[in-house]
Amino acid sequence: MNTVNEDKLETRVRKSNVNLAIYTGLWLVTTALLAFGPKLLWDFNTALTVIAIAANIAAGALMIFANVKHLNSIDELGRRIFLESAAITLGVIVVFGVLYELISFAGETFAFTPRISHIYFVMGPTFMLSMLISNRKYR
Amino acid sequence: MKNRLKVLRAERDWTQADLANKLDVSRQTINAIEKGKFDPSLPLAFKMASLFNRPIEGIFEDEQ
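Note that the protein sequences, when read in sequence, are chains Z and V.
Its first residue numbered 1, the first sequence is counted upward by one per residue in my numbering.
Its first residue numbered 1, the second sequence is counted upward by one per residue in my numbering.
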């Protein structure tokens with residue numbers, strides 16, 4: 001039996017929010033460990049780096065499942081708002097990603113090196129803004 | 001799609017929050033349905049029909 005549906009909406013949303021926050025935090029910690037650990041903590045020891053990579057993948061998978069669980073815990077209007085925001089974010093990321101790659105080909109025109117991690121700085125605000133606008137739309 | 005949700009709710013002296021609680025959805029969902037901004041899924045429409053003891057077409061009406 002699916003325990004998610006046994007709770008009332010407010011309870012299950014609160015639970016899934018906490019769950020999502022925990023696994024996102026875990027993923028962030030393992031990402032930081034992978035980013036700084038090899039140089040600062042274990043002097044590029046291969047075995048420890050492989051363990052850190054495995055931990056990062058595992059935490060990432062848990063975060064993805066927590067996100068799906070969160071999506072299933074909210075009600076149908078909430079789900080529509082979430083999915084609309086996700087669709088807008090995906091579109092913006094595709095446009096921004098291609099543009100960003102083209103910028104890298106422009107060479108000396110721009111005095112910075114494009115990095116894939118920069119996409120997060122577009123993704124986060126886009127999703128939050130989309131959620132805000134969609135929520136206003138259905139208010 | 002037009003609906004009589006607000007009237008049916010008022011007849012029972014229920015707030016949007018009361019109805020949301022009975023249907024296990026958010027108050028925002030009830031408000032959006034009442035204002036015609038959001039059409040509920042078939043399972044939710046059946047839940048409403050059961051709650052108000054009416055057929056679905058007694059609550060919702062196609063605008064076409």
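In short, the hints are calculated from the structure, not lab data.
Even for Gly, the Cβ is constructed at its ideal location relative to N, Cα and C.
Just to be clear, a hint being listed does not mean it is correct.
Claimed, not checked - Not the full set, but computed from the structure, chain V residues with beta-carbon under 8 Å of chain Z:
no., residue
1, 29
2, 38
3, 41
4, 47
Hint check, failures only: Of the numbered hints given earlier, the structure breaks just one, which is hint 4.
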